[in-house]
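Visitor: Top line first, the protein sequences correspond to chains A and B.
This note's numbering puts the first residue of the first sequence at 1, with every later residue one more than the last.
This note's numbering puts the first residue of the second sequence at 1001, with every later residue one more than the last.
Please note that a few of the clues may not be correct.
To be verified - Below are the DSBU-like pairs computed for lysine-lysine, each with C-alpha atoms no more than 35 Å apart in a straight line:
#: 1; chain 1: A; residue 1: Lys11; chain 2: A; residue 2: Lys186
#: 2; chain 1: B; residue 1: Lys1170; chain 2: A; residue 2: Lys180
#: 3; chain 1: B; residue 1: Lys1170; chain 2: A; residue 2: Lys11
#: 4; chain 1: A; residue 1: Lys186; chain 2: A; residue 2: Lys7
#: 5; chain 1: B; residue 1: Lys1170; chain 2: A; residue 2: Lys186
#: 6; chain 1: A; residue 1: Lys7; chain 2: B; residue 2: Lys1170
#: 7; chain 1: A; residue 1: Lys180; chain 2: A; residue 2: Lys7
#: 8; chain 1: A; residue 1: Lys180; chain 2: A; residue 2: Lys11
Quick caveat, the hints were computed from the structure, so don't treat them as lab data.
Quantities reported herein were computed from a predicted structural model and do not represent experimental measurements.
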Amino acid sequence: MNDNDLKNLWKAQAVSTTALETDELISNARRFQRRVSFRNLTEYLAAVLVIMVFIYYIWAFPFTLMRIGSGLIIIGALVVVQQMHLRASSRPLPGAHGSMSCLEFYRAELVRQRDALLAVWLWYVGPFVPGMVVFRWGVETEMDASAPFARGVVANLVIAAVMLGVIGFNFWTARRLQGKIDRLDKDMVEQE
Amino acid sequence: MAEPPYSNTQTQTQTQNSRYQLAIASFGGDIARFTHGYEREPARRQELLQEVHVALWQSFAGFNEQCSLRTWVYRVAHNVGATHVQRNRRAVKGIELDVDEAGLVIDEQADIEITERRLDLERLLNLIHSLDALDREVILLYLEDLSAAAIGEITGLSSRNVATKVHRIKVLLAAQLGSGKEKS
């Protein structure tokens, strides 16, 4: 199959070339916006769940340290929600799609995603750490002080391992994205 | 008599609408074909096409002829397509078609030539869907018969780099189409 055969094969596809009416464009734009909002909302749901659980703990447990820890975790969840909102709104608007070449657009998207992943320890895991430390301290000393020491150590290690696992996975994904950015940069240097 | 304050906005909207209409009249078919390169499932492809139309229409609010209409339209289409792929990362279907599936197609169509073209198109699409975002854009623009210079303007790559990429992808494609035919 030669070049022309390939191009003819591609161009022979039956496609629609009809423009949408302005009303349709407006209603579709609203529909897409609602979809983005819904997607963001589902991401916030986990934070809402955490907040509800720890509000219950404040009400259910009479121990000071656990209540302070629960309050700090709720504040941490609110910080995460605010950061999610900021990061979602930093995505390029459709109007910017035409003013950037595909290379610039693709690189900017990769950089945005890489930076968000590299900072996960700070904005996604970090805000929960003070609350978790105080809460676990309360569990070990106020709620069940007679429990075996080893049990507390194991529970703390498991929590720390989950947090480190989340950070490690995000660093690994960021490194893969960096590899793609490096390849793009190499392409750009080669063409200069 | 002073003009009403909204007249400027109305004129802008009219310009935006007329540019959109012109863009679709000139490049509507190209845009629709591009979406085949970014989504295999027909219902989702239709949704993507509408998304491209909306993004294009919205983008014309900021179009000041900083580049040609075609470059602008193609950039919007490909950047929306690339975003769609990133958002919906899924396993790429295998390069080869199932032999039974191919047999069924032959039975139904009873036309070997048409069936072969459909299989070739399937293989071509399989290859396109296995490519990275930038390589995918380059080959889609190449299939639309654009020159290396025009592809470079849209993608931001140099003509030389475009030519290298096209050559590399064509070698890959020839191998896929060749091996597909040997097996069928």
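Visitor: If a hint holds in the structure, say so; if it doesn't, say that too.
Guide: Checked hints:
no.: 1; hint: A:Lys11 to A:Lys186; in the structure: holds (33 Å)
no.: 2; hint: B:Lys1170 to A:Lys180; in the structure: holds (22 Å)
no.: 3; hint: B:Lys1170 to A:Lys11; in the structure: holds (17 Å)
no.: 4; hint: A:Lys186 to A:Lys7; in the structure: holds (29 Å)
no.: 5; hint: B:Lys1170 to A:Lys186; in the structure: holds (22 Å)
no.: 6; hint: A:Lys7 to B:Lys1170; in the structure: holds (12 Å)
no.: 7; hint: A:Lys180 to A:Lys7; in the structure: holds (29 Å)
no.: 8; hint: A:Lys180 to A:Lys11; in the structure: holds (31 Å)
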